[in-house]
Amino acid sequence: LGGVPLQSHPIHKLRQHRPLGRTQSAPLPQNAQALQQLVVQQQHQQFLEKHKQQFQQQQLHISKMMAKPNEPGRQHESHPEETEEELREHQGLGDSSEGLPHGVTIKQEPPDEQDEEFQQRERQAEEEMLFRQQALLLEQQRIHQLRNYQASMEAAGLSVTFPGHRPLSRAQSSPASATFPIVVQEPPAKPRFTTGLVYDTLMQKHQCMCGNSNIHPEHAGRIQSIWSRLQETGLRGQCECIRGRKATLEELQTVHSEAHVLLYGTNPLRQKLDSSVTPMFVRLPCGGIGVDSDTIWNEVHSSSAARLAVGSVVDLVFKVASGELRNGFAVVRPPGHHAEESTPMGFCYFNSVAIAAKLLQQRLNVSKILIVDWDVHHGNGTQQAFYSDPNVLYVSLHRYDDGNFFPGSGAPDEVGIGPGVGFNVNMAFTGGLEPPMGDAEYLAAFRTVVMPIANEFAPDVVLVSSGFDAVEGHPPPLGGYKLTAKCFGYLTKQLMGLAGGRLVLALEGGHDLTAICDASEACVSALLGNELDPIPEDVLQQRPNPNAIQSMEKVLEIQSKYWRSLQRSASTLGYSLLEAQRCETEEAETVTAMASLSVANKHMGKRTEEEPMEEEPPL
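According to the UniProt record's numbering, the sequence shown holds residues 1 to 619 in order.
In short, the hints are calculated from the structure, not lab data. These numbers were taken from a predicted model, which means no experiment stands behind them. From the three backbone atoms N, C-alpha and C, an ideal C-beta is built for every residue, glycine too. Be aware that a few hints might be false.
[To be verified] Computed list of lysine-lysine pairs in BS3-like fashion (alpha-carbon distance at most 30 Å, straight line):
#, residue 1, residue 2
1, 493, 561
2, 368, 205
3, 554, 368
[Claimed, not checked] Now the in silico label distances, taken between C-beta atoms and shown as ranges:
#, residue 1, residue 2, range
4, 192, 591, 37 to 43 Å
5, 202, 564, 44 to 50 Å
6, 53, 249, 53 to 59 Å
7, 205, 231, 36 to 42 Å
8, 57, 248, 54 to 60 Å
9, 456, 388, 40 to 46 Å
10, 249, 192, 30 to 36 Å
11, 562, 257, 53 to 59 Å
12, 388, 435, 49 to 55 Å
My request is simple: use the sequences and hints to build the entire structure.
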């Protein structure tokens with residue numbers, strides 16, 4: 001490895017899939033699984049026929065045992081041939097008695113009515129006891145046969161279940177039904193209309209081959225800790241968890257080049273690549289392999305985890321956009337907003353949020369999409385994907401420091417090109433960490449830049465590249481800002497007022513476990529509509545620091561050419577949140593008073609026109 005390019009073959013375009021529409025009416029060929037199911041169905045029918053015959057034989061035996069020669073009228077109606085035979089035998093006995101010689105005739109006393117009634121009750125009790133015994137025997141035999149049948153079905157790879165047994169205390173002697181329902185798999189239950197979550201343990205397998213996660217900021221413990229926190233707090237139970245999937249190569253190519261997709265999306269197809277586009281894998285200091293100094297690569301699991309992250313985000317976004325879920329939060333890794341068309345970087349291989357936005361445009365014809373990126377690092381890959389697209393508004397809040405903070409892109413004057421001019425907004429904070437940005441600065445940026453533009457754009461769907469490395473707890477090289485985790489709950493709540501609430505957050509960066517767990521909890525709680533803790537009084541009264549004010553002034557100067565709503569923000573840039581709220585209240589009261597005055601003047605003018613002028617008396 002160590003910078004030596006791998007050998008491969010020239011690039012060949014992937015063949016397009018054939019359309020699903022079939023032009024012939026010939027039946028599809030039977031595969032092995034279909035043939036196996038056919039055999040099982042035949043065995044099932046044979047089992048039912050055999051069971052039916054056995055039941056009829058057992059029922060016939062019971063009827064014979066219950067029948068008595070002197071009670072022909074008590075024969076079971078289902079066996080008339082037995083009744084006729086026994087009647088003939090009874091008549092034969094009567095005929096033979098007529099031929100006997102007449103002897104002494106003994107006068108018989110009529111039976112006592114009480115004795116006869118008692119004997120009749122005894123006979124009925126004996127008959128019912130006999131019937132119960134036979135019914136119990138039949139039920140035991142039926143259960144034994146059902147167990148054998150279920151075992152044979154499971155051995156064939158099919159899951160068979162039966163409804164609960166009927167109680168044995170049945171008052172009628174009609175035979176039990178010998179037909180067992182074939183269990184048909186029910187369609188999946190419709191998900192609750194609530195917040196959706198997506199997560200898969202397979203994404204944890206993307207890890208450096210050195211085996212030491214402590215020296216790699218982007219590791220499997222990130223998503224595992226977040227998922228555990230959501231479970232412990234009960235938030236996970238309030239959400240609808242959906243199953244993730246791997247994105248297809250075609251889906252990946254909506255943003256990335258074919259060579260990039262073949263290289264990092266599937267190992268067997270690398271032979272299609274030309275040596276000029278083969279990656280420069282490097283040996284990391286830990287002994288593992290990476291595509292750069294900090295983006296690790298695992299030959300066995302990285303491609304599957306990266307594709308699973310994309311597919312999970314796409315499915316969650318589509319469920320929200322189609323109205324199946326209210327909103328969503330994707331607990332995924334590796335992140336994606338740094339991945340460019342043909343370049344992996346910053347722990348990212350495929351840009352999940354950008355791919356989801358492209359597919360929304362192509363498959364659901366969504367006309368306007370807002371992407372908010374509040375990761376502390378600029379999303380260079382997302383900006384590149386939509387730099388000329390006027391239908392996707394990209395707004396990023398990030399540490400910029402005049403290009404001296406990774407990745408170095410995201411200057412305020414990067415506004416888009418061609419038809420996309422004005423639809424790329426970089427809220428780039430400068431001034432380093434003297435002092436670091438905090439809640440007051442981000443709340444001010446949302447109030448003066450992000451929300452005015454977002455409301456004017458009026459998106460149909462809102463996607464968030466939700467990195468939490470601006471939360472306090474990250475060292476300066478990885479962020480250094482001092483935002484609280486709860487602040488991201490407030491920001492989430494503001495975005496929920498857009499696009500009819502169709503909002504999806506996808507995890508990006510963030511490496512301090514406590515910080516990202518707290519922030520994820522705050523965001524999911526906000527998405528569920530739970531009441532948030534009020535903003536602390538000191539934050540409400542705190543004005544943004546001078547570096548933040550200067551950064552916001554620069555953005556307003558550039559973006560106000562494209563967004564009229566920003567013209568009102570300039571006068572309140574240096575206000576605290578509390579001062580800004582008071583100012584808005586006063587403005588609203590002034591507007592209301594002026595509107596009332598205008599309506600009153602109109603009524604006065606109308607009344608003056610209707611009333612005739614008084615004539616002055618002549619001199």
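Hinted pair residue 493 and residue 561, Cα distance within 30 Å: holds (28 Å)
Range hint 53 to 59 Å: satisfied by the CB atoms of residue 53 and residue 249? holds (57 Å)
Has the hinted range 40 to 46 Å been met by the Cβ atoms of residue 456 and residue 388? violated (20 Å)
Verify the CB-CB distance for residue 57 and residue 248 against the hinted window 54 to 60 Å. holds (58 Å)
How does the Cβ-Cβ distance of residue 388 and residue 435 compare with 49 to 55 Å: does it lie in that range? About 37 Å separates the Cβ atoms of residue 388 and residue 435, which means 49 to 55 Å is violated.
Restraint status (C-alpha distance of residue 554 to residue 368 at most 30 Å): holds (26 Å)
For the pair residue 192 and residue 591, does the Cβ-Cβ distance stay inside 37 to 43 Å? Given range 37 to 43 Å: holds, Cβ gap about 41 Å.
Hint says 53 to 59 Å; check whether the CB-CB distance for residue 562 and residue 257 agrees. violated (30 Å)
Could one say that the CB atoms of residue 205 and residue 231 fall in the range 36 to 42 Å? Taking Cβ atoms as reference, residue 205 and residue 231 lie about 20 Å apart, which means the hint is violated.
Holds or violated: residue 368 with residue 205, Cα cutoff 30 Å? violated (36 Å)
Would you say the C-beta atoms of residue 249 and residue 192 sit inside 30 to 36 Å of each other? The hint (30 to 36 Å, Cβ to Cβ) holds, given that residue 249 and residue 192 are roughly 33 Å apart.
Taking 44 to 50 Å as the stated bounds, is the beta-carbon spacing between residue 202 and residue 564 within them? At 47 Å between Cβs, range holds.
Hints 2, 7, 9, 11 and 12 from the list above are not met by this structure, while the remaining hints are.
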